[in-house]
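Student: Sequence order for the protein chains is R and Z.
Just so we're aligned, residue 1 is where the first sequence starts under my numbering, counting upward by one.
Just so we're aligned, residue 1001 is where the second sequence starts under my numbering, counting upward by one.
By construction, these hints were calculated from the structure, which means they are not laboratory data.
A virtual CB, placed ideally from N, CA and C, is assigned to each residue, including glycine.
One or more of the hints may lead you astray.
Some chain R residues close to chain Z (C-beta under 8 Å, calculated; not the full set) [stated by the list, open to error]:
no.: 1; residue: S91
no.: 2; residue: A190
no.: 3; residue: K193
no.: 4; residue: K197
no.: 5; residue: S200
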Amino acid sequence: MTNLLVREAYPRSWLLHSRRSLCAIPIFSLYFGALGGAGALELGWVDDAIFGAFMGALFVVMFAGAVWPVTVRITDGLYYGNEDYSGPVPSGSFEYRLVCALTRKFPYSVGGVLYLGRGRVIFIAHRKNWRPDRYTIDFGPSAGFTIARRERPSQWYLRWLHRPEGYLEFRSPSATAQVYVPTPDAAFEALQKALDKLASQDLPARAN
Amino acid sequence: VPTDQILSLAVQATLSLGAYLLYHFATRDTRPPMTMQDAAAVLFGKSPAGLRAAAIFLEQMRRMRNARIAGRIAMWAVIAWAVLVPGRNLLEMETGNNQLLLASTFIYISVGLIVTLKGLIAGRWYLQPRLVLILRRFRRRERRYAVIADNVAEACRGLAVPITIQDSSFRGALPVGLNLMRQWMGIPFTLSLLLPIRAAGAIGIPAALSVWVVSCAAVAVYGNRLLVRLGVFQAGVSEYARVLDHLIRNVRRRRWLYAGTRSMRFPDEVWRDAIEIAIREADAVVIDVSDVSEAVAWEIATVERLTPPERVLIVWYDERTEAERIRALQAQHSAELFGDRPVEDPVPAHIRQALSGLVTPEWLGRCCLLPYERKRGRAGAIAFAAEATTVLVRFFAHKEVELEAAHPSVLQPGVSADNLGR
């Protein structure tokens, strides 16, 4: 089973989180500022503002620093097929795999692996997800499975904050889902080629 | 200090610590995705040279991990000391300027001690008795070409010491030789003793002396690192061989601390002889072919003559952006996967053209080729180091296996291939 994208396409750097971190700084600063001004520390408003800003920035930097190694480790585990992360490979023959995040209910997406085979296309959420989110979506045979490229969201804040590069849409008679990958254009091309190759393998089998 | 204020802070600290511990245990991985032994086996294979490379790689990983653990132990020891000894006394003092002054002094001492101890431990653990020679064109204002020294230094941490040799026409480094600076370093340290004598009246003799000792240690550790980065070992025509030999012997005996790439500068008359000596002594050679001048062309030809290609890494400055590089990698992956387009040559045409007249294609085909990125910061260095480290480990393994075949008693038993299998 081969990965459709190269490992380098998935970010290794905590800079991935930097935009969200930047947004989180004022939120946490306000929180810590409120904490300081609420009487716990009896600070004046200047000291309180400095304390809030400093603590907010510190909290976000520490949080980002703690989160990104875990993110990279999970991505590594998923990409290289470690079953402690991706869960057991589903039964059946699969030729390709794609590490991605799938959305059933916007904007909440769940990371996992999409397995592509002639008989079946299936998404399995990874094992580090919260237990209720460890679901499996069976898209059925690859012949009825289609993909489409969707542009980035129209809302400016989602464009800036969330997924600036757009996403893919998977459709089959049994299920529909939005899928996020770091390089949607490359993923779309690779998926299309994989489906074409699977279909071309399917034709001689049917002829026989 | 009011009791309710202390209580409030203690409750906040406990809650924060609790939240952190909860987060830590909730996200803790019980098993790593791949053990180091598995990674080494995947990276280097099961051949004798592969097993040797895996042993070197694991040794480097162990050194890096031990340096981190030792740094953490030093940090918590200093924090415990700061809280238990001066911290307790500070709480008992009357509030006022003296208390603030002493508190800031002890915070300075604690932070300085942590940073210095971590620097000392890491610098000592990262030093290994192997030598990597970097050959490149020196340019004063083209800062991007200096990146390779930082990148190789990052890749060599816990593995080897990188060195580079300039001719006297290059004026980019500090004008004073590093060896001279080290000889005269004692004078400013001695003169700085006047400061604690003057400050003793305000903050007390023990605090003033502690500040002085910590400052001197921090200056020694970080000043050394800064000087090695910016300065050069200089020598004249008559003494260049002695200086070069001294530096090589210091590396082999693990003297000083790991401080990145060490530069040397020799007069034009002896520069080529020095390069030849360094090539013969080096365990691996890194050649930057981004800009091939006449001198670099001579260096490449000399390396071809004196070093087996299995120990030569050829690097060039990659002008593509990260997105372009990922796109190219993805195109190559797609070509291999679906066979819909020919696999592209990873080496750019202008680099191939520059090298074609200098070395034979057979020799070049057996060398390792790697681009390095535009980024000057640590992120770029880490990206390059991840690949360059495995390449350098293979080179060292190649040399050690060759040495072992020639002289079976040369190597230490701790890094033998047999030990890896057990």
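Student: Determine for every hint whether it applies to the structure shown.
Tutor: Verification of the hints:
1. S91: At about 23 Å, which exceeds the 8 Å cut-off, the nearest Cβ of chain Z leaves the hint on S91 of chain R violated.
2. A190: 6 Å, holds
3. K193: This interface hint holds because 5 Å falls under the 8 Å limit.
4. K197: Given a least distance of 6 Å, the restraint on K197 of chain R holds.
5. S200: 11 Å, violated
When held up to the earlier numbered hints, the structure conflicts with 1 and 5 and fits the remainder.
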